[in-house]
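Participant: Construct the entire structure; sequences and hints are all you get.
There are 2 protein chains.
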Amino acid sequence: MVQKSKRSWTTRRDAKRERIKQAEALLDGKYVKTNDITYALETLIHPNDKVVLEGNNQKQASFLSEALSEVNSNIIHDLHMIMSSVSRPEHLDIFEKGIANRVDFSFAGPQSLRISQMIEDGQMQMGNIHTYLELYGRLFIDLIPSVALIAADQADAEGNLYTGANTEETPTIVEATAFREGIVIAQVNEKVDELPRVDIPSSWVDVVVVADQPYQLEALFTRNPRHITEIQILMAMMTLRGVYEKHQVQSLNHGIGFNTAAIELLLPTYGESLGLRGQICKHWAANPHPTLIPAIESGWIDSIHCFGGERGMEGYIAERPDVFFVGKDGSLRSNRALCQMAGQYAVDLFIGSTLQMDYGGNSSTVTHGRLAGFGGAPNMGHDPKGRRHSTPAWLDMMNPDDALVRGKKLVVQMMETYQQGNTPVFTERLDAVDVSKEAGLDIPPVMIYGEDVTHLVTEEGIAYLYKTDSIAERKEAIAAVAGVTPIGMEQTLKQKEHLRSKGIVAYPQDLEIRRSDAKRSLLAAQNVEDLMTWSDGLYEPPEQFRSYWP
Amino acid sequence: MVQKSKRSWTTRRDAKRERIKQAEALLDGKYVKTNDITYALETLIHPNDKVVLEGNNQKQASFLSEALSEVNSNIIHDLHMIMSSVSRPEHLDIFEKGIANRVDFSFAGPQSLRISQMIEDGQMQMGNIHTYLELYGRLFIDLIPSVALIAADQADAEGNLYTGANTEETPTIVEATAFREGIVIAQVNEKVDELPRVDIPSSWVDVVVVADQPYQLEALFTRNPRHITEIQILMAMMTLRGVYEKHQVQSLNHGIGFNTAAIELLLPTYGESLGLRGQICKHWAANPHPTLIPAIESGWIDSIHCFGGERGMEGYIAERPDVFFVGKDGSLRSNRALCQMAGQYAVDLFIGSTLQMDYGGNSSTVTHGRLAGFGGAPNMGHDPKGRRHSTPAWLDMMNPDDALVRGKKLVVQMMETYQQGNTPVFTERLDAVDVSKEAGLDIPPVMIYGEDVTHLVTEEGIAYLYKTDSIAERKEAIAAVAGVTPIGMEQTLKQKEHLRSKGIVAYPQDLEIRRSDAKRSLLAAQNVEDLMTWSDGLYEPPEQFRSYWP
Chain W
1 MVQKSKRSWT TRRDAKRERI KQAEALLDGK YVKTNDITYA LETLIHPNDK VVLEGNNQKQ
61 ASFLSEALSE VNSNIIHDLH MIMSSVSRPE HLDIFEKGIA NRVDFSFAGP QSLRISQMIE
121 DGQMQMGNIH TYLELYGRLF IDLIPSVALI AADQADAEGN LYTGANTEET PTIVEATAFR
181 EGIVIAQVNE KVDELPRVDI PSSWVDVVVV ADQPYQLEAL FTRNPRHITE IQILMAMMTL
241 RGVYEKHQVQ SLNHGIGFNT AAIELLLPTY GESLGLRGQI CKHWAANPHP TLIPAIESGW
301 IDSIHCFGGE RGMEGYIAER PDVFFVGKDG SLRSNRALCQ MAGQYAVDLF IGSTLQMDYG
361 GNSSTVTHGR LAGFGGAPNM GHDPKGRRHS TPAWLDMMNP DDALVRGKKL VVQMMETYQQ
421 GNTPVFTERL DAVDVSKEAG LDIPPVMIYG EDVTHLVTEE GIAYLYKTDS IAERKEAIAA
481 VAGVTPIGME QTLKQKEHLR SKGIVAYPQD LEIRRSDAKR SLLAAQNVED LMTWSDGLYE
541 PPEQFRSYWP
Chain Y
1 MVQKSKRSWT TRRDAKRERI KQAEALLDGK YVKTNDITYA LETLIHPNDK VVLEGNNQKQ
61 ASFLSEALSE VNSNIIHDLH MIMSSVSRPE HLDIFEKGIA NRVDFSFAGP QSLRISQMIE
121 DGQMQMGNIH TYLELYGRLF IDLIPSVALI AADQADAEGN LYTGANTEET PTIVEATAFR
181 EGIVIAQVNE KVDELPRVDI PSSWVDVVVV ADQPYQLEAL FTRNPRHITE IQILMAMMTL
241 RGVYEKHQVQ SLNHGIGFNT AAIELLLPTY GESLGLRGQI CKHWAANPHP TLIPAIESGW
301 IDSIHCFGGE RGMEGYIAER PDVFFVGKDG SLRSNRALCQ MAGQYAVDLF IGSTLQMDYG
361 GNSSTVTHGR LAGFGGAPNM GHDPKGRRHS TPAWLDMMNP DDALVRGKKL VVQMMETYQQ
421 GNTPVFTERL DAVDVSKEAG LDIPPVMIYG EDVTHLVTEE GIAYLYKTDS IAERKEAIAA
481 VAGVTPIGME QTLKQKEHLR SKGIVAYPQD LEIRRSDAKR SLLAAQNVED LMTWSDGLYE
541 PPEQFRSYWP
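Protein chains in written order, with the numbering used here: chain W, 1 to 550; chain Y, 1 to 550.
A couple of the hints might just be wrong.
Since the list can't tell identical chains apart, any single copy or any two copies may satisfy a pair.
Claimed, not checked - Here are the computed lysine-lysine pairs in the DSSO-like style, where the Cα-Cα straight-line distance is at most 27 Å:
1) Lys246 / Lys494
2) Lys97 / Lys328
3) Lys282 / Lys16
4) Lys408 / Lys437
It should be emphasised that the hints constitute simulated quantities derived from the structure, not laboratory data. These figures come from a predicted structure and were not determined experimentally.
Facilitator: Here's what the structure looks like:
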């Protein structure tokens with residue numbers, strides 16, 4: 001028989017026990033005093049650890065990230081940080097101070113400029129840019145955390161956690177850490193005698209600290225209807241008729257953005273006039289957008305599963321348990337991993353927007369000097385080839401010529417032909433191609449690949465890209481809705497008419513929409529106050545959305 | 001303002017309360033007496049409910065499924081069953097008795113013949129065949145359960161659950177039900193004063209019943225090394241050299257099967273002789289196969305995340321916490337949804353086998369008269385287009401001609417050219433195409449699509465399908481390793497040599513493997529007893545694997 005290796009099989013467990021023992025003087029049960037947190041982290045974390053820091057585009061473990069940025073870098077250094085979102089200043093301070101030197105992340109909106117610079121300056125080694133699901137998956141494979149720094153609303157004396165509406169990614173991060181002998185450290189807004197419900201059992205949690213203030217929570221998915229333009233309304237009308245109605249889209253994902261907020265606010269008005277209630281848009285994988293309230297109240301929506309919560313929606317959700325996923329306490333249970341999974345595999349349609357699209361339909365939000373990352377869009381914005389179940393919309397995409405015929409997910413890109421600053425959205429070559437070389441990435445950071453885009457909606461019309469049978473024809477279809485951008489102006493009227501006759505392009509008149517009908521009065525709510533009214537006063541928007549601005 | 005609908009928003013909550021109230025006389029806290037379960041189900045379930053019944057290829061809620069098959073169909077009828085696996089006789093009895101009339105499922109190995117017949121006879125309406133992740137995703141979108149029937153090892157007085165090694169799909173099913181005002185009914189093997197750990201918090205559980213016997217648990221992933229043939233060893237050697245070593249595969253999924261068991265048992269012998277330890281096969285998404293023990297003991301494997309448990313491996317896993325995901329009690333924590341997610345997005349390679357492959361490389365396990373379903377294979381056995389992070393193996397698949405270059409997941413199909421009964425595995429047309437018409441399916445039930453297969457390994461050699469640049473060339477490459485099957489015999493030696501010179505095909509000699517070296521003595525274990533020895537007596541195989549057969 002081959003020789004067996006002689007080794008300890010409990011190195012992770014032993015290391016954990018030793019660290020907790022070292023921190024014993026700081027611990028009262030599982031609790032560390034608020035003021036002791038930095039010292040506790042210096043004891044519980046070791047150099048070269050893989051540390052997963054909770055924080056996505058909504059909830060942030062802000063107390064723990066600040067504490068981590070204050071540890072002594074002679075004691076704690078060369079950490080490998082794993083974080084869904086690089087979004088707070090101290091997320092990068094820890095690299096400048098030498099506390100960490102490597103990062104794997106998913107999204108870096110607010111800090112994307114500074115990240116680019118730090119990589120160039122050699123202060124940060126870049127691992128990979130991921131979608132959420134990839135990053136979560138790697139926590140169980142090759143990025144297994146030594147320590148997790150997470151955020152919860154409440155803990156009880158034993159260390160059971162209540163994460164409530166913003167459960168988000170907490171259970172996934174905790175599971176990967178707790179069940180691999182890692183150390184789970186939770187900041188909580190408050191310690192209570194009895195939790196409204198248990199989201200994370202105490203046996204998964206090692207250390208709890210009451211934060212000096214509640215965790216940071218962004219109201220990122222609140223869109224004030226007053227800022228929706230009539231061009232957006234026109235695009236929304238076309239999308240409703242030319243995509244949602246045409247293909248009988250029953251389940252879908254909407255993200256952030258005024259374009260999709262416009263669609264949500266047209267359901268009870270324009271959608272109602274088309275007689276579509278009960279036929280389309282019944283099942284959602286989406287955050288609880290306030291702009292969904294009128295559609296919910298009008299009986300359009302059967303169910304919404306949420307990635308995260310949304311500030312101000314708590315009271316409304318509690319009174320609408322037929323629509324939302326709530327616990328026995330009545331508050332929302334979100335789950336980012338499960339909602340991404342559902343958004344990838346179980347919905348008919350993803351709709352998104354972009355800053356740049358090349359002539360092949362590929363798009364990216366990464367532009368020169370900005371490493372923004374992806375979040376969840378590429379996960380939901382592609383055709384999942386592992387899907388085997390069918391729905392009417394999915395089947396509608398199929399190419400009947402193929403013996404092994406299958407459907408396709410609807411992936412819609414919706415944007416105006418010109419972006420801010422008079423820059424055409426269409427470009428011969430994505431900035432991402434150059435950025436990948438400059439930043440030393442293995443591949444260009446493409447958000448959505450052209451081959452996955454089934455529909456392109458601009459203020460000009462809709463290109464049914466799934467009907468094109470070559471890359472050349474796809475480019476022509478894009479040009480046909482590209483307006484007066486360079487690619488659009490290259491095309492002749494005859495080419496456009498040819499595509500239109502083949503059903504590859506549709507203009508407003510083909511959808512029985514008059515441009516002059518696209519009025520703000522069509523929106524079911526004109527402003528945040530209208531949303532409050534729709535909600536019977538249950539929606540309580542954060543202060544910054546309440547004020548009128550001229 | 002548009003008119004709001006007048007309705008109750010708590011219909012699900014009210015229905016649940018009413019049902020629990022009706023069952024009050026049967027409940028002592030959350031507990032129902034073992035003998036009262038059928039009557040309890042008749043009270044807690046209503047006609048037309050969506051009922052998710054736990055059961056996959058390992059753990060089965062067998063007590064509850066039997067109880068369900070005994071309810072009075074005048075009281076409970078027309079249920080819509082959602083089940084990962086249709087595998088026990090009573091799973092179909094409930095349709096014959098009219099208790100249920102519709103099914104959405106994922107896998108139906110043992111009952112695949114009977115399902116086909118029942119659909120034909122109109123006793124069962126077929127929803128869809130899914131992969132696990134799709135089915136789980138739909139639980140949060142458009143297949144939201146009214147009732148979940150699940151299985152756990154232990155419960156405490158409050159109804160907290162311990163699911164231990166076979167946690168599997170329980171948390172996912174429970175989350176979808178508990179947080180949408182559904183009723184969660186758990187069968188447990190025993191009620192205890194204190195749980196080893198909490199896997200499911202009691203506030204997610206409504207009703208608990210102690211089963212009359214432990215839940216059914218199959219040792220499905222135990223492969224006795226004594227049944228591994230020398231042809232399988234030859235294929236395993238080629239795969240190790242020509243795929244795993246060549247592309248530096250660091251993370252991977254292995255499923256059931258003797259082919260992959262052979263690879264596992266060659267790592268400490270042949271793999272060691274190639275100097276590959278520490279370089280390849282370090283991170284796994286896999287069940288705890290006993291045939292992995294020698295590789296673990298020889299220091300090959302850093303981590304294994306598991307879909308489920310495996311009978312007999314409990315004691316071994318408890319002593320190897322550096323490798324497995326375990327709780328504070330020392331026992332395995334599996335999670336089918338998270339492991340499928342990781343297996344889809346976070347590993348370099350999937351390897352599988354099939355009963356039929358067409359000349360385009362498409363394969364299916366569905367053959368005439370058998371609706372077998374898929375399980376997890378299509379989810380892991382495709383190139384996930386939402387992946388954005390890179391690894392050396394993934395990058396090795398890329399086509400450098402493309403400006404928007406990207407890598408690809410390695411999807412390997414490994415099988416002998418002839419199956420049992422002297423049937424060639426290669427066929428011009430998959431049975432699945434006809435089956436889809438006969439059973440009224442929307443699309444043919446293909447397991448793995450040819451466009452996703454990167455490597456095909458037979459006893460003849462390896463076809464590097466990812467290098468082919470047309471469907472015609474892919475077919476040629478398949479033919480080049482198809483031996484004396486019809487498609488193989490059509491090919492000339494000259495064609496083979498041409499593909500070989502292009503690196504599209506490799507034969508054993510190209511990999512420095514002599515067919516005569518493929519001996520059973522190369523296996524690190526010859527039989528189950530050897531595995532027990534490797535494990536220092538920690539592995540305790542179920543009785544049926546211990547006996548010698550001539």
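Participant: So, for every hint listed, does it hold in this structure?
Facilitator: Here is what the structure says about each hint:
no.: 1; hint: Lys246 / Lys494; in the structure: within (25 Å within a copy, 52 Å between copies)
no.: 2; hint: Lys97 / Lys328; in the structure: neither (45 Å within a copy, 35 Å between copies)
no.: 3; hint: Lys282 / Lys16; in the structure: between (47 Å within a copy, 22 Å between copies)
no.: 4; hint: Lys408 / Lys437; in the structure: between (32 Å within a copy, 20 Å between copies)
The earlier numbered hint that this structure contradicts is number 2, and it is the only one.
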